[in-house]
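Note that the protein sequences, when read in sequence, are chains A and B.
If you're matching positions, the first sequence starts at 1 in the working numbering and goes up one per residue.
If you're matching positions, the second sequence starts at 1 in the working numbering and goes up one per residue.
In case anyone wonders, no lab produced these hints; they're calculated from the structure.
Don't take every hint at face value.
[What the hints assert, rightly or not] Every beta carbon over 10 Å from chain A, so not counted as near; a handful from chain B, in silico:
hint : residue
1    : E45
2    : E48
3    : D95
4    : C98
5    : D111
6    : P143
[Unchecked claim] Label pairs and their in silico Cβ distance ranges:
hint : chain 1 : residue 1 : chain 2 : residue 2 : range
7    : A       : R340      : B       : P54       : 20 to 28 Å
8    : B       : C98       : A       : L19       : 47 to 55 Å
9    : A       : G271      : B       : E136      : 24 to 32 Å
10   : A       : P156      : B       : G112      : 53 to 61 Å
11   : A       : Q7        : B       : V92       : 35 to 43 Å
12   : B       : G89       : A       : L297      : 24 to 32 Å
13   : B       : E136      : A       : W382      : 41 to 49 Å
14   : A       : G418      : B       : E70       : 36 to 44 Å
Virtual Cβ for every residue (Gly too), placed ideally from N, Cα, C.
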Amino acid sequence: MERVLTQNIRPSEEPLTLLEYEQCGGYQGLRKALWSSPEEIQQMVTEAGLLGRGGAGFPTGRKWGSVPMGDRARHPKYFVVNADEMEPGAMKDRLLLEGDPHQLIEGIIISSYAIEASQAYIFLRWEYQLAARRLISALSQAYHNNRLGANILGSPYSLDIHLHQSGGRYMCGEAEALLSALEGRRAVPRSKPPYPTVCGLWGKPTVVNNVETVCNVPHIVKHGPEWFRSLSHTDEGGTKIYGASGRVRQPGLWELPMGTTIREVLEEHAGGMHNGHALKALLPGGGSTAFVLPEQLDTRMDFASMEAIGSRLGTGTMTVMDERTCPVGLVWGLEQFFARESCGWCTPCREGLPWVARTLEALETGDGRPGDLETLEHHVRWVRMGNTFCALAPGAMMPLESALRHFRSEFEDHVAAGGCPRR
Amino acid sequence: MLTDRERQRIEAETRLYPHPRAAVPEALKIVQDHRGWVPDEAVKEIAELLGLSPTTVDSTATFYNMILRERAGRHIIFICDNVSCWVTGYEVLRDHLCRRLDIALGETTADGRFTLLPAACLGECDRAPAMMIDGEIYGNLTPERIDEVLAQYD
Ligand SMILES: Cc1cc2nc3c(=O)[nH]c(=O)nc-3n(C[C@H](O)[C@H](O)[C@H](O)COP(=O)(O)O)c2cc1C
Ligand code: SF4
Ligand code: FES
Numbered sequence: 001m002e003r004v005l006t007q008n009i010r011p012s013e014e015p016l017t018l019l020e021y022e023q024c025g026g027y028q029g030l031r032k033a034l035w036s037s038p039e040e041i042q043q044m045v046t047e048a049g050l051l052g053r054g055g056a057g058f059p060t061g062r063k064w065g066s067v068p069m070g071d072r073a074r075h076p077k078y079f080v081v082n083a084d085e086m087e088p089g090a091m092k093d094r095l096l097l098e099g100d101p102h103q104l105i106e107g108i109i110i111s112s113y114a115i116e117a118s119q120a121y122i123f124l125r126w127e128y129q130l131a132a133r134r135l136i137s138a139l140s141q142a143y144h145n146n147r148l149g150a151n152i153l154g155s156p157y158s159l160d161i162h163l164h165q166s167g168g169r170y171m172c173g174e175a176e177a178l179l180s181a182l183e184g185r186r187a188v189p190r191s192k193p194p195y196p197t198v199c200g201l202w203g204k205p206t207v208v209n210n211v212e213t214v215c216n217v218p219h220i221v222k223h224g225p226e227w228f229r230s231l232s233h234t235d236e237g238g239t240k241i242y243g244a245s246g247r248v249r250q251p252g253l254w255e256l257p258m259g260t261t262i263r264e265v266l267e268e269h270a271g272g273m274h275n276g277h278a279l280k281a282l283l284p285g286g287g288s289t290a291f292v293l294p295e296q297l298d299t300r301m302d303f304a305s306m307e308a309i310g311s312r313l314g315t316g317t318m319t320v321m322d323e324r325t326c327p328v329g330l331v332w333g334l335e336q337f338f339a340r341e342s343c344g345w346c347t348p349c350r351e352g353l354p355w356v357a358r359t360l361e362a363l364e365t366g367d368g369r370p371g372d373l374e375t376l377e378h379h380v381r382w383v384r385m386g387n388t389f390c391a392l393a394p395g396a397m398m399p400l401e402s403a404l405r406h407f408r409s410e411f412e413d414h415v416a417a418g419g420c421p422r423r
Numbered sequence: 001m002l003t004d005r006e007r008q009r010i011e012a013e014t015r016l017y018p019h020p021r022a023a024v025p026e027a028l029k030i031v032q033d034h035r036g037w038v039p040d041e042a043v044k045e046i047a048e049l050l051g052l053s054p055t056t057v058d059s060t061a062t063f064y065n066m067i068l069r070e071r072a073g074r075h076i077i078f079i080c081d082n083v084s085c086w087v088t089g090y091e092v093l094r095d096h097l098c099r100r101l102d103i104a105l106g107e108t109t110a111d112g113r114f115t116l117l118p119a120a121c122l123g124e125c126d127r128a129p130a131m132m133i134d135g136e137i138y139g140n141l142t143p144e145r146i147d148e149v150l151a152q153y154d
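Only chain B is shown next, with the shape it has when bound in the complex (with noise of 0.2 Å):
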């Protein structure tokens, strides 16, 4: 399953840390990063990859919101529900979001191509409300620059 572009990857990881377990976080990064999820072979392979029990990485995998564990979109969108966001107006964009991709908080569009997550703060609050997606993040959202943004994602 493992391609060998993920070997590679994960053993460098390796190096940095005096035991191979600490690289799990980073291999798990590494698979989501080339499949867009960690299916349940991935995570065999990297315990056997790192000489680990295949319940050891997932007990790591689970304990990351960023580590997922389903297929998911092509795009995740993270929309931060924290304070300084939901006194700006985080109830309307999730609302305006749900509706205009016809999901709920933790789901996928029908087409596959966005998925829907909460978020911790963004570390954005000086332009709140604010989301991420793939990595990006956009402040001072109102419901139209939302769908600017989304048009922006295929």
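Bound-form chain A, shown alone (with noise of 0.2 Å):
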């Protein structure tokens, strides 16, 4: 199978040099785009069925087209690229920042032009600091070669790309709060329509793509949409970085073609359950994504299909528990860290998510009682999407939701044992 956003690279190693990357093909993707028009580019992307790898699965082509263009638009437009990667067990996109950051540079600055954008931000999370190091010292080569700044490679178009780092905090990741993180502001997002697309940073135009969404971009301007599409078994188009961690033999990060099954993943790559234990279920996409039981295994791991499942893709990146692994308690965890992480803007999330922490503790630590599970089903229940500003609260929701559905008889034995039988 073809490699494509990982071809260049190589564990433990250091990324490649501009020079480097340039002698493995890189930046024929940008001479190709800056040759094309902005129009032509957004098209390609387009026909690709390039959805974006943030976890909504988002139809990157459609998000362009909806950013005024010509001499109507606001200036200058901006370009982010979400590089908060905070997810509950996703690692995907400190593969792509450490491995290869000329890629990611190359697609910015092609994702900037095709949406006529003068400004780039990365807005990477503080605690990755070696992606830090090397994007600086990657995006200096390329102000010197002349890939960023005035007239990129003899062309009209100019670009900055500045990096900014984080300090801190999941709710940063949801793009609009994003964006008030970027100005300065509490990281919380903002009431919709205006999308950002019209009405962004500091008033003006604004696109917020993934990491691993922009490492695309070069690819398919550079080969084509339908050889794209070609990589993928699905209709959704390209590879997909798939991962596993947890109680696995080997845990890791995979560049397999989009619509892999879930099995794949686990049994192939991941050498299947740590030491002969059984597999109990896992979180296919990170913390806010339902639980997938051992007969879904042989489900393709794309948007469409973890959806029609009751799942999500999310991340792609797999979380797995065998039978030793207590979901009360496991779920505890996840909401502990929703509720930490909560921006505190409405009522459902800011007051449900600690108050659902607090009872999921009670049944852990022995103080649960009866009507316990009705006041978590009750949760479940109401916060959900339209009930809250953005889509942390209703993720958190999700983990909780399916434990309910598949793992019911064991909440009650926490009811009735007092407490966590396990412990």
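Two chains, two separate frames, one set of hints: put the complex together.
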């Protein structure tokens, strides 16, 4: 199988320099792009069927297409890369950031060109210090070699890329909260419409895309949409970086065709379960996805198929539990995290998540009471999209809702036994 | 309070953004980089420097997990308490750290050497369980490995 995004990445080696990256065929997509019109680039990305890799799977071409173009647009326009990666169990963007920074930079230049942006920001989480050092070095190489700054490669197009290192908060990864954070405000989301593509950073048209999404762009431009579609097992184009961690034999990350089955990732790439233990369930793509059961392993890991079984692809990096893992304890840990990270802007999330976390703590530590399960179910029912300002709280309900559905008897055991039977 | 060096670094940051307010997170990090935490006086002076009110600066400061508004230890340990670390033994490691350092989560050791804080997933899930000390990430932790790592910090 063809490796696209990770073709230049060698574990525990320094990433390619600009010169080496070019020798491997890098910056050819950029040369081609600068000879095309922004609309042609948008068209290519739309035809390629690239869906956003930040977790929501929004079509990238459609997002770009809603940016006002030409003379009627207000300038400067902004292109922002979401490198906040703080989703529990996610680790894929880190690989791309540390492993091949020039691929990301090339992707940013082409994407910015496609929406006629003149300023770009990389919003990087604070903890990714190695990625920061490598990006700073790659950006400076790009400036010295006329890949950034004024008149890139002799064309009329100019672009600056700035690296913004965050102060650490999960909520900053939510696209609109991220824009508030970039402006130096508390990272709370904004009401929509207007959408950021029309009125974003400092009121100007702004596109936010995930690291992995952006890294695909140079390859689409270089090889064309047909080729990109052919990489995938399904009609969602391209490859995908999948991962597995938790109770598996060989945790790791692998670039595979989009739509690879959960079973293949788990059994062939992650080497199956640790020491002969049995699979209990897995979170397929981060803490805000619903549990998947052993009988669902033949599901293809793309956005549509995962949604069809009541979960989500999310980040595509799975966390695997075996029969020794207590679902109540695990969900308690997750809800504590979501409660801690809530920005506090809306009541169902600010008040609801701590209540959920305390109820789970009570169940786990022996203070559970009859009625607690109903309290949890009440939250699952009401803390949902439409009742909250952003997807953090509804996302937090996904593991809880699915745990209550799949493992209800274990929750009941916690009430009856006066705490976690495994402790 | 702010040194010339801190002022210069903060002013350089303001040039990256169309509005000075956007430099607040970086200004806070610069101060923390020099002092280990962000005292009230520094918040006031950052505000003055950027033409903002101190409460505006503090509203941003208090949002971030990494910005410390209280004096902390010489080294900050962030231990990941998230899913992949949780299923691979987070609780054992946390208890070991708390016992070794004789503090609870959120506290600083009596000798001012370490502060222990919980962290979001560190992107080190394939080498879980993990922690981070002063910007360095350590994976595949066991209680023995933790003791080795701690010994590297004075
Ligand atoms: C609480 C929360 C955290 C998020 N964190 C991230 C993140 O760290 N990285 C990311 O790319 N998207 C994250 N997202 C999704 C973004 O809101 C947005 O959909 C994405 O950056 C768009 O990029 P894409 O279209 O390329 O996927 C998060 C969403 C929510 C609700
Ligand atoms: S759902 Fe939670 S994180 Fe999102 S806006 Fe509301 S309070 Fe903030
Ligand atoms: S869950 Fe601990 S590093 Fe990812």
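Status of the hints after comparison with the structure:
Remark: the non-interface label on B:E45 is consistent with the geometry, its nearest Cβ contact in chain A lying 16 Å away (cut-off 10 Å). For B:E48, the condition that its CB be more than 10 Å from all CB atoms of chain A holds, with the nearest at approximately 15 Å. Look at B:D95: its CB is around 12 Å from the nearest CB on chain A, clear of 10 Å, so calling it non-interface holds up. For B:C98, the non-interface assignment is confirmed: its Cβ lies about 17 Å from the closest Cβ of chain A, beyond the 10 Å cut-off.
No Cβ of chain A approaches the Cβ of B:D111 within 10 Å, the least distance being about 26 Å, so the stated non-interface status holds. No beta-carbon of chain A comes within 10 Å of the beta-carbon of B:P143; the shortest separation is about 19 Å. Take A:R340 and B:P54: their Cβ atoms lie about 26 Å apart, and the range 20 to 28 Å holds. At roughly 49 Å, the beta-carbon separation of B:C98 and A:L19 lies within the given 47 to 55 Å, and the hint holds.
In this structure, A:G271 and B:E136 meet the distance hint of 24 to 32 Å, their C-beta atoms being roughly 28 Å apart. Between A:P156 and B:G112 the beta carbon distance is about 57 Å. The supplied range of 53 to 61 Å therefore holds. Distance hint check for A:Q7 and B:V92: the Cβ-Cβ separation is about 39 Å, which falls inside the suggested range of 35 to 43 Å. In this structure the supplied range 24 to 32 Å holds for B:G89 paired with A:L297, their Cβ-Cβ distance being about 25 Å.
The beta-carbon spacing between B:E136 and A:W382, approximately 42 Å, falls within the hinted interval of 41 to 49 Å. The given range of 36 to 44 Å is respected by A:G418 and B:E70, whose C-beta atoms sit roughly 37 Å from each other.
Checked against the numbered hints above, the structure breaks none of them.
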